[in-house]
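Peer 1: The lines below spell out each chain.
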Amino acid sequence: MARGVNKAIIVGTLGQDPEVRYTANGGAVANISVATNETWRDKATGEAQERTEWHRIVMFGKLAEIAQQYLKKGSQAYFEGRIQTRKWQDQSGNDRYSTEIVANEMQMLGGRSGGAPMDSSSQPQGGQSQSRPATAETAPMDDGFDDIPF
Amino acid sequence: MSRGINKAVIVGKLGRDPEIRYAANGNAVASISVATNETWKNRETGEAEQRTEWHRIVMFGRLAEIAQQYLKKGSQAYFEGRIKTNKWQDQSGADRYTTEIVANEMQMLDRRADSD
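If you read the protein sequences in the order shown, they are chains A and B. Letter by letter, the first sequence follows residues 1 to 150 in my numbering. Letter by letter, the second sequence follows residues 151 to 266 in my numbering.
Just to be clear, a hint being listed does not mean it is correct.
To be verified - Pair by pair, the computed Cβ-Cβ distance ranges are:
hint : chain 1 : residue 1 : chain 2 : residue 2 : range
1    : B       : Glu255    : A       : Arg86     : 36 to 42 Å
2    : B       : Ala244    : A       : Lys43     : 30 to 36 Å
3    : B       : Glu194    : A       : Ile66     : 34 to 40 Å
4    : A       : Arg86     : B       : Gln226    : 24 to 30 Å
5    : B       : Lys223    : A       : Glu47     : 38 to 44 Å
6    : A       : Tyr78     : B       : Arg246    : 26 to 32 Å
7    : A       : Lys62     : B       : Tyr172    : 48 to 54 Å
8    : A       : Gln16     : B       : Tyr172    : 37 to 43 Å
9    : B       : Arg171    : A       : Arg51     : 19 to 25 Å
10   : A       : Lys87     : B       : Ala198    : 20 to 26 Å
What the hints assert, rightly or not - Distance condition first, Cα-Cα at most 25 Å in a straight line; then the derived SDA-like pairs of lysine to any residue:
hint : chain 1 : residue 1 : chain 2 : residue 2
11   : B       : Lys237    : A       : Thr39
12   : B       : Lys157    : B       : Glu255
13   : A       : Lys7      : B       : Glu250
14   : A       : Lys87     : B       : Ala185
15   : B       : Lys157    : A       : Ala48
16   : B       : Lys157    : A       : Glu38
17   : A       : Lys73     : B       : Thr189
18   : B       : Lys157    : A       : Val11
19   : B       : Lys237    : A       : Gly4
20   : A       : Lys87     : A       : Asn31
21   : A       : Lys7      : A       : Val102
22   : B       : Lys157    : B       : Gln241
23   : B       : Lys223    : A       : Thr39
24   : B       : Lys191    : A       : Phe60
25   : B       : Lys237    : A       : Gln16
26   : B       : Lys157    : A       : Ser98
27   : B       : Lys163    : A       : Val102
28   : B       : Lys237    : A       : Arg56
29   : B       : Lys163    : A       : Gly4
30   : A       : Lys87     : B       : Tyr172
31   : A       : Lys87     : B       : Met258
32   : B       : Lys223    : B       : Thr189
Said to hold, decoys possible - Residues from chain A that face chain B, not an exhaustive set, calculated with beta carbons under 7 Å:
hint : residue
33   : Gly12
34   : Leu14
35   : Gln16
36   : Asn31
37   : Ser33
Hint data in this document are derived by calculation from the structure and do not stem from the laboratory. Note that the Cβ used here is the ideal one computed from N, Cα and C, for glycine as well.
Take the sequences, apply the hints, and build the full model.
Peer 2: Spelled out as structure tokens, the structure:
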């Protein structure tokens, strides 16, 4: 029987800094939460609607370490991996299921933040941190299309 | 802020016949359960291991009707869509989450039995 295809592609923004832990054998495991937005126009009112989808993404080993080092809250990145649903038991013994994306490929998008500190842990007022203003380095990719000489 | 990309591609086999229901406005909603298999070699024993992943896939409208008409348990098909997590409350009022794939494209991969 064919194995089939199980692939997920996410391009989105991290809602918080990566959470990294280490297994008994020293392997890193990074958990991140990534938002994508879906927009559509309400047929009845004609108004633009938006819905945010949050994705749990997990990475292992070297990729987890890279994520810890370079990704943080507000980072934009590309993730590719497989969809996995884990079964677990809650405190009262009921079966529960959690679905996540196990990424085996990650690419950082947008410019480097230039080392400017973005210490989310020292902001007790909470709430969403303001998105960083776009710099020249974070210009959209399609800006360069005008320069392609063919 | 950019919208981002939220895409899932599944090629697998249906574990049971599609379940179809109709919304109040008459639109069809089809729910299916699709299996993909992951295989790997155990590093210690060298033996091949296999794990089956089950995906909840939903389709709406015309696509749901096509799924009902042509897909059945054991059918192999390609699905493309977006990942969506629904929040709901269980009997004790606790928040629960169910993740599914909302497919907007489907292609049957079986040979038609009736035309051979």
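Peer 1: Tell me the hint numbers this structure goes against, listed in increasing order.
Peer 2: 1, 3, 17, 19, 22, 23, 30, 31, 34, 35, 36 and 37
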